[in-house]
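2 protein chains.
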Amino acid sequence: MPVGTQGTVKSLTPKDLEELGVSILLANAYHIYLQPGIEVVKELGGLHRFINWNGPILTDSGGFQIYSLGVLAKVKEEGVYFKSHLDGSSHFLSPELSIEIQHSLGADIIMTLDHCLAYPSDREMIAEAMRRSLRWAKRSYEEWKRLGPESHLLFGISQGGVYKDLREESIEGLLRIDFSGYALGGLSVGEPKEKMYEIIEFLSFLLPEEKPRYIMGLGAFDDLFQAIAAGYDMFDCVLPTRNARNGCLFTSRGKVVIKHSKYNKDPRPIDEECGCYTCRNFSRAYLRHLFVAKELLFPILATYHNLHFYLDTFRKIRQAIAKGEFTEYRERFLKRLNEGD
Amino acid sequence: MPVGTQGTVKSLTPKDLEELGVSILLANAYHIYLQPGIEVVKELGGLHRFINWNGPILTDSGGFQIYSLGVLAKVKEEGVYFKSHLDGSSHFLSPELSIEIQHSLGADIIMTLDHCLAYPSDREMIAEAMRRSLRWAKRSYEEWKRLGPESHLLFGISQGGVYKDLREESIEGLLRIDFSGYALGGLSVGEPKEKMYEIIEFLSFLLPEEKPRYIMGLGAFDDLFQAIAAGYDMFDCVLPTRNARNGCLFTSRGKVVIKHSKYNKDPRPIDEECGCYTCRNFSRAYLRHLFVAKELLFPILATYHNLHFYLDTFRKIRQAIAKGEFTEYRERFLKRLNEGD
Numbered sequence: 001m002p003v004g005t006q007g008t009v010k011s012l013t014p015k016d017l018e019e020l021g022v023s024i025l026l027a028n029a030y031h032i033y034l035q036p037g038i039e040v041v042k043e044l045g046g047l048h049r050f051i052n053w054n055g056p057i058l059t060d061s062g063g064f065q066i067y068s069l070g071v072l073a074k075v076k077e078e079g080v081y082f083k084s085h086l087d088g089s090s091h092f093l094s095p096e097l098s099i100e101i102q103h104s105l106g107a108d109i110i111m112t113l114d115h116c117l118a119y120p121s122d123r124e125m126i127a128e129a130m131r132r133s134l135r136w137a138k139r140s141y142e143e144w145k146r147l148g149p150e151s152h153l154l155f156g157i158s159q160g161g162v163y164k165d166l167r168e169e170s171i172e173g174l175l176r177i178d179f180s181g182y183a184l185g186g187l188s189v190g191e192p193k194e195k196m197y198e199i200i201e202f203l204s205f206l207l208p209e210e211k212p213r214y215i216m217g218l219g220a221f222d223d224l225f226q227a228i229a230a231g232y233d234m235f236d237c238v239l240p241t242r243n244a245r246n247g248c249l250f251t252s253r254g255k256v257v258i259k260h261s262k263y264n265k266d267p268r269p270i271d272e273e274c275g276c277y278t279c280r281n282f283s284r285a286y287l288r289h290l291f292v293a294k295e296l297l298f299p300i301l302a303t304y305h306n307l308h309f310y311l312d313t314f315r316k317i318r319q320a321i322a323k324g325e326f327t328e329y330r331e332r333f334l335k336r337l338n339e340g341d
Numbered sequence: 001m002p003v004g005t006q007g008t009v010k011s012l013t014p015k016d017l018e019e020l021g022v023s024i025l026l027a028n029a030y031h032i033y034l035q036p037g038i039e040v041v042k043e044l045g046g047l048h049r050f051i052n053w054n055g056p057i058l059t060d061s062g063g064f065q066i067y068s069l070g071v072l073a074k075v076k077e078e079g080v081y082f083k084s085h086l087d088g089s090s091h092f093l094s095p096e097l098s099i100e101i102q103h104s105l106g107a108d109i110i111m112t113l114d115h116c117l118a119y120p121s122d123r124e125m126i127a128e129a130m131r132r133s134l135r136w137a138k139r140s141y142e143e144w145k146r147l148g149p150e151s152h153l154l155f156g157i158s159q160g161g162v163y164k165d166l167r168e169e170s171i172e173g174l175l176r177i178d179f180s181g182y183a184l185g186g187l188s189v190g191e192p193k194e195k196m197y198e199i200i201e202f203l204s205f206l207l208p209e210e211k212p213r214y215i216m217g218l219g220a221f222d223d224l225f226q227a228i229a230a231g232y233d234m235f236d237c238v239l240p241t242r243n244a245r246n247g248c249l250f251t252s253r254g255k256v257v258i259k260h261s262k263y264n265k266d267p268r269p270i271d272e273e274c275g276c277y278t279c280r281n282f283s284r285a286y287l288r289h290l291f292v293a294k295e296l297l298f299p300i301l302a303t304y305h306n307l308h309f310y311l312d313t314f315r316k317i318r319q320a321i322a323k324g325e326f327t328e329y330r331e332r333f334l335k336r337l338n339e340g341d
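First to last, the protein sequences are chains A and B.
All residue numbers for the first sequence refer to our numbering, where the first residue is 1 and numbers rise by one.
All residue numbers for the second sequence refer to our numbering, where the first residue is 1 and numbers rise by one.
No lab work stands behind these hints: they were computed from the structure.
Keep in mind that the hints are not guaranteed to be accurate.
Note that identical chains are pooled: a pair holds if it fits in a single copy or bridges any two copies.
Said to hold, decoys possible - No farther apart than 30 Å at their CA atoms in a straight line, the calculated lysine-lysine pairs in the DSS-like style are these: (1) Lys-15 with Lys-193; (2) Lys-83 with Lys-262; (3) Lys-323 with Lys-83; (4) Lys-145 with Lys-193; (5) Lys-42 with Lys-265; (6) Lys-15 with Lys-255.
It should be emphasised that the depicted structure is a prediction, and the values quoted were computed from it without experimental measurement.
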């Protein structure tokens, strides 16, 4: 899922997203609640109409954003008191309010409000945040039922850091509530990869196969392959879009950091094997010029390419899985990725 | 002609420009000379291939940019000594070098190097700059003939401020050299509109009808209609693109300054009579949100609309001229433009 935090995937039009074959977008309830505000979106006919996107939208509950706010947020049992990152104004978000906001936006998949902690954190604090997340998940669920569960799917979010027993307790609690799908939160927040992989692997045996399994915020290819191998279905990450804006372009042979002077006169496309609009029409030399000259066309062409690379890789992964060739595909892909340009 | 100073119309792809029906682009030899440099563009197969634009390109000589540099430029008879606006490095540009640069870029229409002064300037200084521009025009012409005049058209640029006699001397001098087309420089640089209109009108009788007549830097609709009525054919201006980025959107009923809070929940498109991608798909409320949230999608959608509005108006002007209804169209257009929204 490409990330459209404020109701737009940065530097791309909905037409571009359709061309790229994007099937579902992620947007952030927290950001849209602050700007332009829920009333605006409601009055304009809901998020789909407002941003002109006809495909499915998943909204995040605001839990992760509150984690990102750090000292600007105070978590209590009733909910979170926080100050806006935009203007410092005071706000309150509860599990019920988060569901109400996401319901008003009209998203297709909505998420429970969770309490996420940084790595490393004290085990007791993590246990507490996990149990609070469970209680909030239950409250989110009740509010969803009350508002009309036919309008959207509700996914529960697991917490518990890198502790297997806490994660197990979290998943078991969520399973008792019975959500439309299950998400792992609080991963990829600074913990060692091996610990993250352990948790991903361990939880894959606890989650029901017949429901969507979503790891939030995962974006590096080695992590994605690891998670797909373990049976997870859904992912979102700012990596392809944010890196594009910073001049880091993904190719089948690793990253191209476009500002390097070696690309000054390089007539090749970003990736010679890529068939996207950017690669069919523009050289690295031109892209480097646009980047150095701080031209707005740079993020457009770079984001288009990076998203194409991600979506295309996922298409190929699905094909490989269908053919029973996932393991070979993964090995080949990662080997070439690390070969370099 | 939309302006693509650094080899890109800010925030649009060449595909967008084609969709919009752009027939010719303007690029600035001065900017491209400094970044990425002529060698890069030459090695990449010329400006058309470098920027992926198959239509005609007109390059400006650098005269106007040197005027913009102010104290960073020193004009001598042999040429201009100037410091880069990017890094302060020292450079020299002569009429011959400007033609050589534009020739290397492979533009379709190239311009003589001229010496432009701000308004108001001392009459004697303007006379001197005008005569220098004439001598430079002659040198530009000789260099063009030497390098291969079959590759591009060369337009001469007239100077002389708002003094009819100086302008007459300038045009007569240019006519003796015999260029492919004629441009008026040094207008729209701060002088009162009536004085500019007087000069435009006066010179229209001196310029040959069978050759293109181009007023540089003109962009306001009242000025454009005035110039078209006087028989001028070509124009360029940053107005539609720069204003778009600043949140000023053109409509058939005047400007929409999108940041105004009155557009907060406005479900209407920028211009209800406009059929462009932006107007077919997005509300003022969404565009305002994108502008306030500083999203990259804003300049994209805004530039697309503003350029569409300009190009569409020019298409309608051509139709009106063909039908002999230009005066009525002009009156109707300007009346509605001033009615407001």
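From the Cα coordinates, with 30 Å as the cut-off, is the pair Lys-145 and Lys-193 best called within, between, both, or neither?
Neither: 37 Å inside a copy, 67 Å across copies.
Intra/inter-copy verdict for Lys-15 and Lys-193 if alpha-carbon distance must be at most 30 Å
neither (36 Å within a copy, 42 Å between copies)
When Cα atoms must be at most 30 Å apart, do Lys-15 and Lys-255 count as within-copy, between-copy, both, or neither?
both (26 Å within a copy, 26 Å between copies)
I want to check one pair: Lys-42 and Lys-265. Are their C-alpha atoms no more than 30 Å apart within a copy, between two copies, both, or neither?
The answer is between: 10 Å across copies meets 30 Å, while 50 Å in one copy does not.
Have a look at Lys-323 and Lys-83 and pick one of within, between, both or neither, based on CA distance no larger than 30 Å.
For Lys-323 and Lys-83, neither the intra-copy (50 Å) nor the inter-copy (62 Å) Cα distance is at most 30 Å.
30 Å Cα cut-off: does Lys-83 pair with Lys-262 within a copy, between copies, both or neither?
Classified as between: cross-chain Cα gap 26 Å, same-chain 45 Å, threshold 30 Å.
Violated hints, in rising order: 1, 3, 4; the structure is consistent with all others.
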